[in-house]
Structure formats: structure tokens, C-alpha cells
Amino acid sequence: MSRLWIFAARDLRRLAADRRALVVNLALPLVLTSVMGLSFGGGIFGKKGISAIPVAIVAADLPEPLRERLLEGLRESGFFAPTWADSAQADALVRAGDVAAAIVLPSGALDSFFNADSLVIEVWKDPASDVKAGIVQEIVQRGVLRLQAGEAAYRALWPQDVVLAAADSVALADMFRGGLGDLWRNLRDPDTAGTQARAVDFLARQIDHHLALGRVLSRPTVGLVVADRVPGAGNGGRETNLFDYFLPSFAVFFLMFAVAAGARDLHRERARRTLQRQLLGPGPAWPVVAGKWVAAVIQGVGMLGVLLLAGAVLFRVNLGPDPWTLPVVVLLTCTAAAGVFMLMALLVRTEKALDNLSTAVILVSAMLGGNFMPLDNLPAWSRSVGQLFFNYWANLSFTRVIGADGSLVDVATPLLVLGIGSLVLLAAVLVLFDARVRKGGWT
Amino acid sequence: MIEVRDLVKKYGPQKAVDGVSFDVARGELFGLLGPNGAGKTTTIGVLSTLLRADGGQVRIGGHDVATAPSAVRRLIGVVPQEIALYTDLNARDNLVFWGRLHGLGGAALNRRVEELLVLADLADQARRRVETFSGGMMRRLNLVAGLIHQPEVLFLDEPTVGIDAQARSRILELIADLGRQGLTVIYTTHYLEEAEQLCDRIGVIDRGRLVALGDKESLIGQIGDVDLIRLAIPADRHEAFTAACLGWEGCVGVGERRGRIEVRARDGGQLLPHIQAWLEAGGVPLEQLEVERPNLETLYLNLTGRGLREEAP
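These protein sequence lines map, in sequence, to chains S and A.
In terms of this note's numbering, the first sequence opens at residue 1 and continues consecutively.
In terms of this note's numbering, the second sequence opens at residue 1 and continues consecutively.
Just so you know, the hints here were simulated from the structure itself, not pulled from any lab data.
With a Cα cut of at most 20 Å, we get these calculated SDA-like pairs of lysine to any residue:
1. S:Lys439 <-> A:Ser70
2. A:Lys10 <-> S:Arg436
3. S:Lys439 <-> A:Pro69
4. S:Lys439 <-> A:Ala68
5. S:Lys439 <-> A:Gln57
6. S:Lys439 <-> A:Lys10
7. S:Lys439 <-> A:Gly12
8. A:Lys15 <-> A:Arg5
The structure displayed is predicted, hence computed values, not measured ones.
Could you put together the complete structure from these sequences and hints?
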């Protein structure tokens, strides 16, 4: 048995014997994530999630074909359960808590849009449904931003003759003849009823184009991207679920505490003199700390594995498109986490100092690295700073695999960062430990 | 077996060990006696390769601890002052871990573990978590863990700290057995009775310096056949008592320590009637009186001016 494995096996045996550690590392995260799953995920206990967020849509003067198209689009987005309502009904529904929010397009909204006039879309939120209403507001805000950006690009890049050429009949072309503003008026003209459906379809495609352009021109900051959730656009129409994000992000959060506890054990062993006793064994010193690192990695892989499997079984969390991508993400997340906290343990003199430092690092990195809030919803500065922490890259990998069914290719960059980071951190841990032992600082 | 020459170890500008030299023969039980902070543990740290010396030379079994630490480690076992065990594991698992660390495995390891559990009188407690053990049981397990790889030299750093008299007695018996089996032992303690009972030779260490070295008889002989009389009387009568005492036959010296008078006398029994008469004549109340035969405590007191239970400054 190699010395490294002797040390790792010892730590794992101690962990298995420690019922309190099992509760803190496994049972507690499992309970908390289950509560989250029941709140957001549904799973075997019934489907919930963002797709079930009830919203009322108020857009009184939309013609019927466009209205149907809008409702269909909202349903297909995977986020909303929309209900058509007039202004008064929507107000009542929100107040009664029957819907989380109402999206209100004012009268003449499309006139304003096509004529480039000021257009204000309102979101009425149910204060008792803060999270879901906030999500609705967030999505609408992102949509508006993209429409604005797309509108500008559309007008600049899409000459009217292209629009006219695209319209494949005289009647349809007539509807566009006066430009986008006339199209809207023509759509309400009973004389053009025969071509209205095709015109609406064409218009819808133009709006999709708006959105696509907007997506190109706006910064890719949207967390819950409607277009990405359209069936056939990548995840086969599987419903998007906040739990898909928060299960791994909370698991990584708990992983940090578990690995920090493993690193803290280095100081406890030093105080108890078991560390010194190990250093009296034959052979070099590095397997002593490398064994702790291996044990922390195995502990982390077990912890994340159990949580993700529980999420998959209980709440139908997606485990990725193949059997190897997620395990690789889990493994590299754990190697990086173990490296970070082992290095911190070696940089401080006492267990108490390590406690203070690791708690601060965990909380700050969790905030900036997307453990408390989806990465796409974080401000740009936070995402920039968050990239300094391993959990940012772990969360990004999990989001791409679990949230967007991404394969190894899709997570190549974050995995590369985690992999290289793990190697650098491990090398630093081994060198620093050896230096500490040689100088007698740890004996 | 062990040669220590002019050993120096500093922590910053302060010398924790200052020019210590001694030899220990194979199979000898050598005691390093001194109060807390005297430099005993630091000396053991250097001898056991855990600490690097700042000066001097240490050789164990012919190997230099500075240049051949691995060879030295194969020869030595160390029992630290602390309970250096995994208290969340059971006794057997602890010994198995330490055995594997030293390259043992399979049947040989199992056999050795069983031997040591019997030696520590813990065979029937092998599956119990160490955290449920009494202080004495922990100490015995701590001790035998240092023997797992059958070392030729054993360093015992205050192995009886914090346990009751009965548990201490069992530990001392165990160590005496090891000595009889031919193991070379360096035993640090601040309990002089342990050093007197166990050790073939004793080095007295104070403030990092070895102030005396030899077997018990020769050390005590250094202070001669002088008894120590301690008496407590009112402080305002100390001066008068000292003046009177120095005039009595057999009085070697008088001093004052911790509010008590200390009289060194060639024969304490001869001096006692003088003391009694002086007290009665002056109507001086006697609060306490002790007579002590020469021992390592008096030696230590003579050499350092402090008792063994006092911390080194």
C-alpha cells in the first residue's frame, strides 16, 4: 500500500467513523437541497419550477393571431404558464396571488414599437411571490434590452426592400409597402384578412430576428435565456428549472465547507502531535499532505455525487448528455477545492486563523462565484472578480452540463481552468508543506 | 548508541538548548530531568530528527541525525508528551495505521498489533474508540504506538503527564520492562521520583544547559551527605533565626525560599533540638517543619536555586 494511500485511507476511515461529519457533509446538504428541490424543482413530487410560474399577459389591442403566437411563444419558452387577461383581471389575479406577476403591454404598444416611439412595458409583481415575480421581471427586462438592441440593428441593417423582397405575394408585399408602421395598420384592416396569418408569421420571424440581433449586440449576460430554451435549440425541450442551477451550486458551497474542515484537520493533527509522529515515519514528508488532499477529493466527489444523484432521482435533474462529462466536472471541482483549502491551511499559523480565513473566502467566493445567484444574473464586475475563484468555473461547468446539456467540448474552457488550477495549487501545497517541515515550522 | 555533542537549538535569538553533550549506551535507560521549559522536549525533537540543530552533532546508531535522518528514523520510536493518536478511531485501527506507516503489513502487522495490545493491557479494548479510554489507557496506547516498528531506541517525552498515581505506576512498570528487554530509552520527566526509580543515568537540564550528569548515587554524592530542614516561622523572626542557626554545630548553610527558612545540615537529627530550644526560648510559633534526606530534588535545588515543579524562566 503506497504511503499516500495509507494517509488518505486513514482520513476516510476517520470520516466514516464521524457521524457528525456525515450529517454535516451529506445529510444536511441533502435536506437543504431537497427543500430547494421541492420549492423549485418538483421532480417526483410534482412538476414545479420556472415553467410553472403563472403570469398574466395584458395586451388588449393585439390581433388574435399575434396574441396566440405570443402565448405559444411564452409557453414554449419553458418559463411561463401564461394567462390572457385584461388590465383589471390581471390586477385582481396578482393581488389574489393567483399569478406571480402580470406583464402589461400598454395600448398601442406595437404602434409605438414599430414607429420607434417610447414604449413602456410594466410588470406587476405579487409581493408575496418575491422570487418568482423577480424572475419574471428579470426575464422581461432582458427581453426589452434585447428588443431595443435588435430594433436599432434591424433599422440600421435591414433595408426595406429586403423586407419587401421577402414577402412572397403581392398582397403580403402590399402590407409592408408603407414600411413597418404601415404593416401594423394593415394587419388590423379587414380587407387584408387573407394574408394576415402569413403576415403575422412573417412578422414573428422578423421579431425573432430582432431578438437574435439583440442577442448578438447585447452582452451575453442573460441567465434564463428564452431563446435557448425553445424546443430543439439544445436541450430537447426539457424544462428549465432553477433547481438545476442551485443543486450543484449549493453542493459546491457545502463542498467548500467540507474540504475546509479537511484542511483544518492538518492543524488539529499538528496540535495533537499526530502530524509530527507521521513525519517520523520513513520516506519523504509530501505524502502526508498529499494523502489529506486525496482524502478531501474523494470525500468531495462522494458528497457531490450523492447530491447530484439524489437530485436526478428525486427531482429529475439533468446529469448531462453522456456518462463522463459530469464526473469530470465533479472531479476537477473537488481537486481544485482541495487545493485551495489545503494551501490556505499551510499559509496560516493556527486553526483559528484558518477558520476565519476559510469562512471569509467561502462566503466571498460563493457570492462572487455564483453559488447564491445564477452566474448570468450577477453584475459584470462580480463575474469578472468571480473568475478568480474556483467555484465560478465549477458553477459555470455545472450550468453548462446540467442546465444546457453541454458535453465535454462545451465545458472545455472551465475544465481547463479547473484542471490547471488544481495542478498549480497541488504543487504549491506540496512545496510549501515540504518547506514548512524542513524549517521545523510544522514540528 | 546515542552521542550528543555541544547541541544548540535556537528559537529566534533565544537558545532553547545550549551546548548539551551526553552519551547513552545501548540498552541504557537514560533520564533527562528538568522543569517545564528547561529544553527537554526540544532536545528530543532534535534527536528524533523533527527539529534541525543550530549547532553541535547528534549521532544515533552511528548515523548523523542531520545528514541521515531516514536511517535514524528507522532506529527510533518516539512517544510524544501529547496523546498523539486518532481518538476517533479504535485502538486497533490506530496501531494498524502507525504500523502501515512504518512499512508493516499483512500477518506481520496483525501479529505486532496483537502483541502491543497485550503489552498495553488493552487486548480486550481493541475495538473501542480511543476517545472513550481513560487517561491511563490512552497513555499506554500512546506508548506502545511508538514501539510498533520495533525500534532500537525509544524517546519518551513525559509519558506520565496528567494521569493518576495508579495509571502512572502501570506506565512505569511497562517502561521498566522495556528497559529489561534491552531497549535503549531516553526518558524526559520533571518527576524526580520517576527518574530515580527508572533510570540508570540521569542528565539534569536547566535553561537549556545540562547542569549535572551521572547515575543517581553519584549525583546525590555531588551535594554530600547534607539534609535539608524546612521550617515556617513568622517572617520578622527569620533574621534572628538565621544568625542563631549559623552558630550551631552541623549547620552547613541557611537560606530563605518561598517564605520558608531552609537549613542545610550535615545531620538534621542533631540540629533539631537546637531549633526546638530556640523556638521555645523566644516564644516563636512554629507553623511547619520538614526534614529531607539528600535526593535529586535537593540536588536540583542546589544547582538551579529552583524546584523541579517550577517553570523555567
